[in-house]
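Start from chain A and add chain B according to the hints.
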Amino acid sequence: MKKIITTLAASVLATTIATSSIAADRYPERDITNVVVWSAGGGTDVVNRMISAEMAKSLDVNINVTNRPGGVAGSLGMSYVKRQKADGYTLVGLSESVVGSAVQGGWDQKMSVWYPFIVGGSPDLISVSADSKYTTLQELIADVKKNPRSIKASAGGAGSIHHLNLLALMNGTGAEFNYIPYPGSAPAQTAVMTGEVELVITSLAEQQQLIKGGKLKPLAMLVADDQALDGFGTIPSAFKAFPELQKYLPIMQAIGLAVSQDVPDNVKAKLTKAFQSAMGSPVIHKWAKDNFYVLSGLSGAEASKEFAFLESLFSWTLNDLGAAKVSPSTLGIPKLSELK
Amino acid sequence: MDILASFSVFGSTLLSLLSSPTNLMILMGASFFGIIFGALPGLTATLGVALLTTLTYGMDVNTALIALLGLYVGAIYGGSYPSILINIPGTAAAAATALDGFPLAQKGEGGRALGLTTTASLIGTLLGILVLVIAAPLVAQMALQFTSFEFFLLALFGILISGTLTSPDLVIKGWIAGLIGLGLSTIGRDPLQFFPRFTFDMPDLDQGLEVVPVLIGAFGIPQVIKALRNRESLGVMKQFGRILPEWKTLFKNRMNIARSSMIGIGIGAVPGIGEDIAGWVSYGAAKNTSKHPETFGKGEPQGIIASETANNACIGGALIPLLTLGIPGSPPAAMLLGALMLHGITPGPMIVVESPNFLIEVTAILVLCSIAMWLNGMFLAKQVVKVLQIPASIFLPVVTLMCILGSYALGLNIFNLYLMVIVGVFAYFLDEMKYPISPLVIGVILGPMADESLRRALMVSEGDLMPFIERPICIALISIIVLIVMTKAPFYQQCKKSFFSLFKK
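Protein chains in written order, with our numbering: chain A, 1 to 340; chain B, 1001 to 1505.
Treat the hints as calculated values from the structure; they're not laboratory data. The structure presented is a predicted model; accordingly, all values stated were derived computationally and were not measured. Note that beta-carbon positions come from the ideal geometry of N, C-alpha and C, so glycine has one too. Careful, some of the hints might be misleading.
To be verified - Label-pair restraints from in silico Cβ distances:
hint: 1; chain 1: A; residue 1: T194; chain 2: B; residue 2: I1469; range: 17 to 23 Å
hint: 2; chain 1: B; residue 1: L1465; chain 2: A; residue 2: N64; range: 34 to 40 Å
hint: 3; chain 1: B; residue 1: M1466; chain 2: A; residue 2: Q276; range: 57 to 63 Å
hint: 4; chain 1: B; residue 1: I1469; chain 2: A; residue 2: D230; range: 43 to 49 Å
hint: 5; chain 1: A; residue 1: D226; chain 2: B; residue 2: D1204; range: 44 to 50 Å
As the list claims (entries may be wrong) - 25 Å max Cα-Cα, derived SDA-like pairs, lysine to any residue:
hint: 6; chain 1: A; residue 1: K110; chain 2: B; residue 2: R1229
hint: 7; chain 1: A; residue 1: K217; chain 2: B; residue 2: L1138
hint: 8; chain 1: A; residue 1: K289; chain 2: B; residue 2: N1357
hint: 9; chain 1: A; residue 1: K325; chain 2: B; residue 2: F1194
hint: 10; chain 1: A; residue 1: K289; chain 2: B; residue 2: E1354
hint: 11; chain 1: A; residue 1: K57; chain 2: B; residue 2: F1194
hint: 12; chain 1: A; residue 1: K286; chain 2: B; residue 2: G1338
hint: 13; chain 1: A; residue 1: K152; chain 2: B; residue 2: I1473
hint: 14; chain 1: A; residue 1: K145; chain 2: B; residue 2: M1459
hint: 15; chain 1: A; residue 1: K335; chain 2: B; residue 2: F1195
hint: 16; chain 1: A; residue 1: K82; chain 2: B; residue 2: D1204
So here's chain A without its partners, still in its complex pose (with noise of 0.2 Å):
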């Protein structure tokens, strides 16, 4: 009887792992949900909607998108999709800010729990008012060189990517600003608008409508690259002028999507081939530049360790402005001294 029993389970446990190799195997077999963790029109979910459109051709199955905003930092959204069976029908859309979610309380995952794909994402650049009397960064960290925390700085909101690359800034020039934290990107930029603060720090995406139609005057861009912007002409890299820089800049936007690192080894294949090749669709290039992104396309490993060194980075900020209420270490979050 025993026997039997174990004859039994063998033959269902290998029928299992045979039919879900198969599944594997035959993968995609029916339509994939896409689980944005940001609410429909935002950054994230407009990349997702086209990724999502394009990866679907190759596929061939539809990838539905829907949203699941909600909870600390994106995190209603990553457990959901946590929960979802590993077998690749559930992928995340996600963006760079969600890896601040452990530290803040959200959930108690760390980023390796995913296998990413990173789109892109808007380069930072710094901006004053258009009736600034600055025309160059020089100038400006000049004078605030003589005169430490004499100059407002706006950057979105305390812990946001805008707000890491301003402490960059401050950190690769030796400047001291006087940070004033706004609740998003858009207030941020309204405040150099109306003379509130003398500068903000925000995407290009963000910027580039009020920089064409004379509202904000840019400086620099906080990436190793010029930038070419019709109607205006072009932005220096504020490397040039600021080598030191290059040591903690660039932090990058890094908007894309993800499945859990569970899901079989040849699902995770054929996504990132279908990633590739979407990568590669015109209507992404286009889409890129119509929108000032600069794409990616890094998948697996090297998408990890890109968001590796984010969490790192956001998870540790977030802890020495007092918004962290899990510790780092607690979690397991290197320092970024320690990551490399």
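Okay, now just chain B, sitting in the frame of chain A:
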């Protein structure tokens, strides 16, 4: 672009939209759902626009805008239904409407109140659109005069004015209720430095109190308890009243309508605040300029017209900074910004250059939406008045269920249900002691803005209070605030009396 060309674009957009039956169906449908959204406690214009955004992904831009703006306009109007009929405002924007709408309904003139609301909302929306078209750059420039200092004073003003207007006996009770609301709004991590305030280590309190459960609890629960206690129905319907526009009443109120629209547009244009306080400010203005202010709060049509014109005029106002600067003027407009981005439109100063017809197209769509709202309203008002005939024993459980659903629907968080009940019971006792409830809710809504703006203003000025008396708009706001407080102080009344008695002798 000259005016003639604008008109031809406007006309052709209207025609092309109207010629498509799908568009017409979507227009009427979105407007209808908007009204329902506004009317159900807990479902707000902001939530409605957010939910609909995802559904519009496959549509072309104009159709999507018809759906979204139709819902927005409908929802701002729909909030007035429960305000008038059962004294439970469906949205905070409609709270001022309840002051005179509900007494009218109790007198048996619910139909008339709804009719006035419908037409006033239409006029308000249209006037808002008019200003959007002709004076957008000017108004946008005005909106840029508001810095953290002004935002703080504006929030304070909003709380004070609702306190002043709603107190049944002593004005100070309204202000006390407002202060309680302000106090409640400080719960949670402070947005500037993340310090946890009054959270008692409860994770649910970390993000602060959600407005919707507070709104529903504070307005809904006391009303249900009172009706149960008195064993009476919520309203009566002696006569149906006239739903169709009363041109005579409206004509008499032409100054009121013009003033309320201007207030609504102005408040809508200031980024971050909108419909929620526009109704209060215009109601206050109407009461203070009225020849018979004592009738306000007892079923005065002027009051309804003022608040409903203003909150709908806010829509045009809120779209001005959105379309010209990319800054949303009100919470639903912020959702609309997301929807526009989804369709590849980035609103901002370049929109006039990159797609010169866009503003005119939006105007045409808004005009259609307000007409759809009016038609739907005329049809619905007749039907919804009948809820007053439903016996309380059936109606009250339904209202209670709606309150519970509304609190839970947002974020699906069970904590919000407890919050609603606690706030509701607390509000009931406040109500029994003749403390008004509206200032408390307005305090919770505007509190974070007041708190954050004041502290940010002081960060910017490095602790200096001088900007409060150096900036022109600040001076104006402070003068109004001081005036409001002074005129209600017993000391001032005493002075006034003795001053006048000097002349009598």
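Okay, the hints, checked on the actual structure:
Checked against the hint of 17 to 23 Å, the C-beta distance between A/T194 and B/I1469 comes to roughly 18 Å, which is consistent with it. About 55 Å separates the C-beta atoms of B/L1465 and A/N64, a value inconsistent with the hinted range of 34 to 40 Å. Checked against the hint of 57 to 63 Å, the C-beta distance between B/M1466 and A/Q276 comes to roughly 59 Å, which is consistent with it. Take B/I1469 and A/D230: their Cβ atoms lie about 45 Å apart, and the range 43 to 49 Å holds.
Distance hint check for A/D226 and B/D1204: the Cβ-Cβ separation is about 48 Å, which falls inside the suggested range of 44 to 50 Å. Of the supplied pair hints, the one linking A/K110 and B/R1229 is violated, its CA atoms being roughly 54 Å apart against a limit of 25 Å. Of the supplied pair hints, the one linking A/K217 and B/L1138 holds, its CA atoms being roughly 22 Å apart against a limit of 25 Å. Restraint check for A/K289 and B/N1357: the C-alpha separation of about 24 Å stays at or below 25 Å, so the hint holds.
Straight-line distance between C-alpha atoms of A/K325 and B/F1194 comes to about 10 Å, which keeps the hinted pair within the 25 Å bound. In summary, the hint linking A/K289 to B/E1354 is supported, as the alpha carbons are separated by about 16 Å, within the 25 Å threshold. Our distance criterion of 25 Å between C-alpha atoms is broken by A/K57 and B/F1194, whose separation comes to about 45 Å. Simply put, A/K286 and B/G1338 have alpha-carbon atoms about 20 Å apart, close enough for the 25 Å limit, and the pair holds.
Proximity of A/K152 to B/I1473 is assessed by CA-CA distance (about 22 Å); at most 25 Å being required, the pair is judged to hold. The suggested pairing of A/K145 with B/M1459 holds, with an alpha-carbon distance near 20 Å, which does not exceed 25 Å. A C-alpha spacing of about 24 Å is found between A/K335 and B/F1195, which places the hinted pair at or below 25 Å, so the restraint holds. Between A/K82 and B/D1204 the alpha-carbon distance is near 22 Å, which keeps this suggested pair within the 25 Å criterion.
Violation of the numbered hints given earlier is confined to hints 2, 6 and 11; the remaining hints are satisfied by the structure.
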